[in-house]
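There are 2 protein chains.
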Amino acid sequence: MDRFMEIAYKEALYGISKKHGGPFGAVIVKDGKVISKAHNQVLLKNDPTAHAEVVAIRKACRKLNTIDLGGCTLYASAKPCPMCIGVIQWSRIKDVFFSGDYEDTKKLNFDDQSFYEDFEAEDDHWEQIDEEHFDTLIQAFESCKNDIKY
Amino acid sequence: MDRFMEIAYKEALYGISKKHGGPFGAVIVKDGKVISKAHNQVLLKNDPTAHAEVVAIRKACRKLNTIDLGGCTLYASAKPCPMCIGVIQWSRIKDVFFSGDYEDTKKLNFDDQSFYEDFEAEDDHWEQIDEEHFDTLIQAFESCKNDIKY
Numbered sequence: 001m002d003r004f005m006e007i008a009y010k011e012a013l014y015g016i017s018k019k020h021g022g023p024f025g026a027v028i029v030k031d032g033k034v035i036s037k038a039h040n041q042v043l044l045k046n047d048p049t050a051h052a053e054v055v056a057i058r059k060a061c062r063k064l065n066t067i068d069l070g071g072c073t074l075y076a077s078a079k080p081c082p083m084c085i086g087v088i089q090w091s092r093i094k095d096v097f098f099s100g101d102y103e104d105t106k107k108l109n110f111d112d113q114s115f116y117e118d119f120e121a122e123d124d125h126w127e128q129i130d131e132e133h134f135d136t137l138i139q140a141f142e143s144c145k146n147d148i149k150y
Numbered sequence: 001m002d003r004f005m006e007i008a009y010k011e012a013l014y015g016i017s018k019k020h021g022g023p024f025g026a027v028i029v030k031d032g033k034v035i036s037k038a039h040n041q042v043l044l045k046n047d048p049t050a051h052a053e054v055v056a057i058r059k060a061c062r063k064l065n066t067i068d069l070g071g072c073t074l075y076a077s078a079k080p081c082p083m084c085i086g087v088i089q090w091s092r093i094k095d096v097f098f099s100g101d102y103e104d105t106k107k108l109n110f111d112d113q114s115f116y117e118d119f120e121a122e123d124d125h126w127e128q129i130d131e132e133h134f135d136t137l138i139q140a141f142e143s144c145k146n147d148i149k150y
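Quick mapping for you: the protein sequence lines, in order, are chains F and D. All residue numbers for the first sequence refer to the UniProt record's numbering, where the first residue is 1 and numbers rise by one. All residue numbers for the second sequence refer to the UniProt record's numbering, where the first residue is 1 and numbers rise by one.
Please note that the accuracy of each hint is not assured.
Pairs involving identical chains hold if they fit within one copy or between any two copies, as the list cannot separate such chains.
As the list claims (entries may be wrong) - Here are the simulated DSBU-like cross-link-like pairs (lysine-lysine), alpha carbons at most 30 Å apart as the crow flies:
hint, residue 1, residue 2
1, 145, 18
2, 45, 94
3, 145, 106
4, 19, 145
5, 19, 106
6, 19, 149
7, 149, 18
8, 33, 45
By construction, these hints were calculated from the structure, which means they are not laboratory data.
Go ahead and model the full structure; you've got the sequences and the hints to work with.
The structure is reproduced here in structure tokens:
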């Protein structure tokens with residue numbers, strides 16, 4: 001078994017044993033070294049965003065003191081869900097290795113795959129309002145542009 | 001202006017003034033009452049996941065002591081990015097009002113929209129490995145099924 005994936009599995013198994021959340025672990029690696037590792041803590045933290053990948057990415061950012069993890073590789077015990085793909089994209093991680101896929105996690109009643117179906121979310125439940133006011137925020141942000149590096 | 005959107009805007013403007021991150025605010029409402037509000041804190045927290053929506057949802061979960069925010073409504077100063085859509089889906093929020101759209105935020109160099117283009121992420125950079133081991137995690141999780149409510 002891949003040595004980094006093995007660490008992700010150990011995290012996942014630890015999380016299960018502690019009843020912290022689902023059977024998911026993640027490891028961030030840079031230049032052959034583990035930068036961070038984490039397991040799913042949704043139940044422990046009562047936080048639907050506390051997926052292993054999210055927790056590992058947040059830890060890696062703190063450790064490397066940057067929000068740009070370009071050059072890092074993510075190992076995940078299962079294929080990252082749509083939310084985690086978004087986090088991976090924002091953190092600029094390109095390389096991802098995963099073990100289980102959505103068919104595997106579906107056996108445990110995780111319904112990530114269905115998220116794709118209504119991902120555009122442009123249905124009856126989403127509505128754009130007050131668009132004319134957004135210029136206020138654009139102007140406020142632009143007036144600080146030289147101070148805010150984002 | 002919608003009164004809840006106005007609160008989201010105030011959060012966004014506060015965040016800009018403090019240089020905490022982008023011009024984004026979010027409010028979670030239930031039964032006509034504000035449950036939580038937040039602004040983007042990516043720069044403050046050095047955390048690429050600290051979008052207004054994510055912070056507001058995490059706060060609301062803590063406040064209501066649940067990971068299921070079904071029945072809540074989200075107000076966001078701009079259209080939630082793919083990551084935030086995932087968080088919204090996991091938190092089971094259905095109703096979303098937003099002000100600016102991706103065309104507006106693109107003016108500020110936020111590239112959310114491009115995330116959709118490679119969202120499936122099934123390119124050269126993603127690889128499934130060690131799939132045969134995933135049954136280990138399925139079995140470990142299932143053996144705890146009655147203890148872990150997830």
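So, going through the hints one by one against the coordinates:
Taking CA atoms no more than 30 Å apart as the test, residue 145 paired with residue 18 passes between copies only; the shortest distance there is 13 Å, against 45 Å inside one copy. Taking identical chains as interchangeable, the C-alpha atoms of residue 45 and residue 94 lie at most 30 Å apart whether they share a chain (28 Å) or sit on different chains (22 Å). Taking the shortest alpha-carbon separations for residue 145 and residue 106, only the inter-copy value of 14 Å comes in at or below 30 Å, while the best intra-copy value is 45 Å. Taking the shortest alpha-carbon separations for residue 19 and residue 145, only the inter-copy value of 10 Å comes in at or below 30 Å, while the best intra-copy value is 45 Å.
Taking the closest pair of Cα atoms, residue 19 and residue 106 come within 30 Å of each other only inside a single copy of the chain (19 Å); across copies the shortest separation is 42 Å, beyond that limit. Taking identical chains as interchangeable, the C-alpha atoms of residue 19 and residue 149 lie at most 30 Å apart only when they sit on different chains, with a minimum of 9 Å there against 40 Å within one chain. When the C-alpha separation of residue 149 and residue 18 is checked against a cutoff of 30 Å, the pair qualifies only between copies, where the shortest distance is 13 Å, while the shortest distance within a copy is 40 Å. In the homo-oligomer, the alpha carbons of residue 33 and residue 45 lie at most 30 Å apart both inside one protomer (28 Å) and across protomers (24 Å), since each shortest distance falls under that limit.
Violated hints are absent here; each numbered hint is respected by the structure.
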